[in-house]
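Protein chains: 2
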Amino acid sequence: MARAIQDAIVLFGDSITEFAWDVEVSGFGARLTNAYARKLDVINRGFSGYNTEWALPVLKQCLAPHEHRGRVPTVKLLVVWFGANDACDSPSVQHVPLDRYCDNIRAILDTVQSPESEFYSPATKVILITPPPINTLQWDRDDFRRFENPRDYAEGLKVVGKERNVPVLDAWTPLWKAAGEDMKSLDRVLSDGLHLNAGGYKVFIIYDGLMGLIDEVYPQLHYSRLQETFTLWGDVDPTNLADSLKRRTP
Amino acid sequence: MARAIQDAIVLFGDSITEFAWDVEVSGFGARLTNAYARKLDVINRGFSGYNTEWALPVLKQCLAPHEHRGRVPTVKLLVVWFGANDACDSPSVQHVPLDRYCDNIRAILDTVQSPESEFYSPATKVILITPPPINTLQWDRDDFRRFENPRDYAEGLKVVGKERNVPVLDAWTPLWKAAGEDMKSLDRVLSDGLHLNAGGYKVFIIYDGLMGLIDEVYPQLHYSRLQETFTLWGDVDPTNLADSLKRRTP
Chain A
3 MARAIQDAIV LFGDSITEFA WDVEVSGFGA RLTNAYARKL DVINRGFSGY NTEWALPVLK
63 QCLAPHEHRG RVPTVKLLVV WFGANDACDS PSVQHVPLDR YCDNIRAILD TVQSPESEFY
123 SPATKVILIT PPPINTLQWD RDDFRRFENP RDYAEGLKVV GKERNVPVLD AWTPLWKAAG
183 EDMKSLDRVL SDGLHLNAGG YKVFIIYDGL MGLIDEVYPQ LHYSRLQETF TLWGDVDPTN
243 LADSLKRRTP
Chain B
3 MARAIQDAIV LFGDSITEFA WDVEVSGFGA RLTNAYARKL DVINRGFSGY NTEWALPVLK
63 QCLAPHEHRG RVPTVKLLVV WFGANDACDS PSVQHVPLDR YCDNIRAILD TVQSPESEFY
123 SPATKVILIT PPPINTLQWD RDDFRRFENP RDYAEGLKVV GKERNVPVLD AWTPLWKAAG
183 EDMKSLDRVL SDGLHLNAGG YKVFIIYDGL MGLIDEVYPQ LHYSRLQETF TLWGDVDPTN
243 LADSLKRRTP
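Just so you know, the protein sequences line up as chains A and B, in that order. For the first sequence, counting from 1, position 4 maps to 6 in this note's numbering; every step adds exactly one. For the second sequence, counting from 1, position 188 maps to 190 in this note's numbering; every step adds exactly one.
Mixed in with the good hints there might be a few duds.
One copy or any two copies: either way a pair holds, since identical chains are not told apart in the list.
Using 27 Å as the maximum straight-line C-alpha spacing, the simulated DSS-like pairs for lysine-lysine come out as follows [what the hints assert, rightly or not]:
hint : residue 1 : residue 2
1    : K62       : K248
2    : K41       : K248
3    : K41       : K179
4    : K41       : K164
5    : K127      : K204
6    : K41       : K62
7    : K186      : K62
8    : K160      : K127
9    : K160      : K41
10   : K41       : K186
11   : K179      : K62
Hints listed in this document are in silico derivations from the structure and should not be mistaken for laboratory results.
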């Protein structure tokens, strides 16, 4: 069995999160895992196609209640990135009305932030990410996507973030700007009109955006300020392995 | 806290493992995480600079004893990739004599395979990977590296694998062949003479090699034969979320 020797960053979202370890598109999940190596484990909890309605019951299964403390990793950072599927138009089964999407995001926040919650975790910092823009000229797998929707859901998420004092990474705006505010040019940052390509995931838009936000709002969680769980090899004392290779408690 | 909703693959090794999520070099760790998304978590337990002498006490801290069962992920696959540092010449502090390296690998195997071990885990399959070749013309950070050493350690590892009936992925030979069996040309697969570049990590050499070996020796652990922990979105029943979003026990 694997011992919980490191605490964790959980990336919780839809396919844009699930596919974030794809090296072909320079996935920001892989980039985070690399940056936090030997410090925090970065866990893929991306669920392709899911909306917030389905995310909520899944989240409660992905978290451990208080009594598991000490044996399971503390989620130091929960990154929540939903909305791309909620923003589908009705009658898509993925559609969640904007108000309900906002309520579901509030419920996701309550899961870790409300003292009444079984999963209340004051040690867990949260970052919300807005859905990216959609390029309906590129996307050809269904007819439920409209350009305006993810933009509106992104704005709704920002309102919830402000109301709850939770930092929001606006993915919509920089991706839109990278396309010169022209839907046709969203193929610069999207692979199929919905999912991010290397241009979209790449450093300055998502990964750097997230690292910059962490540095700003949760500086103690920036990888550069975390100590390695086990000592660097140059500091190993071969005459006293037991002590010098003892895990440092975070 | 993060609940152990998925079992795990642990990649345990030195810097070649630690850096395996680097998207710039198409790291095989990121590739595995991507392939096993929603099935098994892939955990980075790479320790830059470490040899097997230091690996052993660290491994015992990375594993959980029997009594944690159920609350922590079962390590379904342990990939052990050491030797590149052991193979340094004396008096490097990283040097471990070949015989001792082989003994340490045996001890690593015993940690999960011996019924006497506190960490005995019959559910844990193991794959050993040999050290890659070294290009002493490229490597300029110390004088302890000789071309012959990793080759000899790779051979030693293969003997231990055979003796213990544990599959060994020979990384040395295909990387050497990719260089046309010419040390000068090892820069095709190594970034600095020691670490792998995109050519080295890339699909057919390490990632595909490992996936091919898994398919051959532990077919039940090939990602294509594992079910997603949570249902695919097309199978979610919106009229019965509780049941259709219940985690499937592996």
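Q) Taking 27 Å as the upper bound on the Cα-Cα distance, should K160 and K127 be classified as within, between, both, or neither? A) within (17 Å within a copy, 46 Å between copies)
(Q) One pair to classify: K41 and K62, alpha carbons no more than 27 Å apart. Within, between, both, or neither? (A) both (25 Å within a copy, 18 Å between copies)
Q: Please work out whether the CA atoms of K186 and K62 approach to 27 Å or closer within one copy, between two copies, in both situations, or in neither?
A: Classified as neither; 39 Å inside a copy, 55 Å across copies.
Q: Pop the pair K160 and K41 into one bin, within, between, both or neither, using alpha-carbon distances up to 27 Å.
A: neither (30 Å within a copy, 32 Å between copies)
Q) For K41 vs K186, is the C-alpha pair at or below 27 Å within one copy, between two copies, both, or neither? A) So K41 and K186 fail the 27 Å test inside a copy (41 Å) and across (36 Å) alike.
Q) Should K179 paired with K62 be assigned to within, between, both, or neither, using CA atoms and 27 Å as the limit? A) neither (36 Å within a copy, 50 Å between copies)
Q: Please work out whether the CA atoms of K41 and K248 approach to 27 Å or closer within one copy, between two copies, in both situations, or in neither?
A: within (15 Å within a copy, 31 Å between copies)
Q) Quick one: K127 to K204, C-alpha cut-off 27 Å, is that within a copy, between copies, both, or neither? A) within (24 Å within a copy, 35 Å between copies)
Q: Have a look at K41 and K164 and pick one of within, between, both or neither, based on CA distance no larger than 27 Å.
A: For K41 and K164, the Cα distance exceeds 27 Å both inside one copy (30 Å) and across copies (35 Å).
Q: Could you place K41 and K179 in one of the four classes (within, between, both, neither) given a Cα distance threshold of 27 Å?
A: So K41 and K179 fail the 27 Å test inside a copy (34 Å) and across (36 Å) alike.
Q: Check K62 against K248 for me: Cα-Cα at most 27 Å, and say if that holds within a copy, between copies, both or neither.
A: between (33 Å within a copy, 10 Å between copies)
Of the numbered hints stated above, those contradicted by the structure are hints 3, 4, 7, 9, 10, 11, listed in ascending order.
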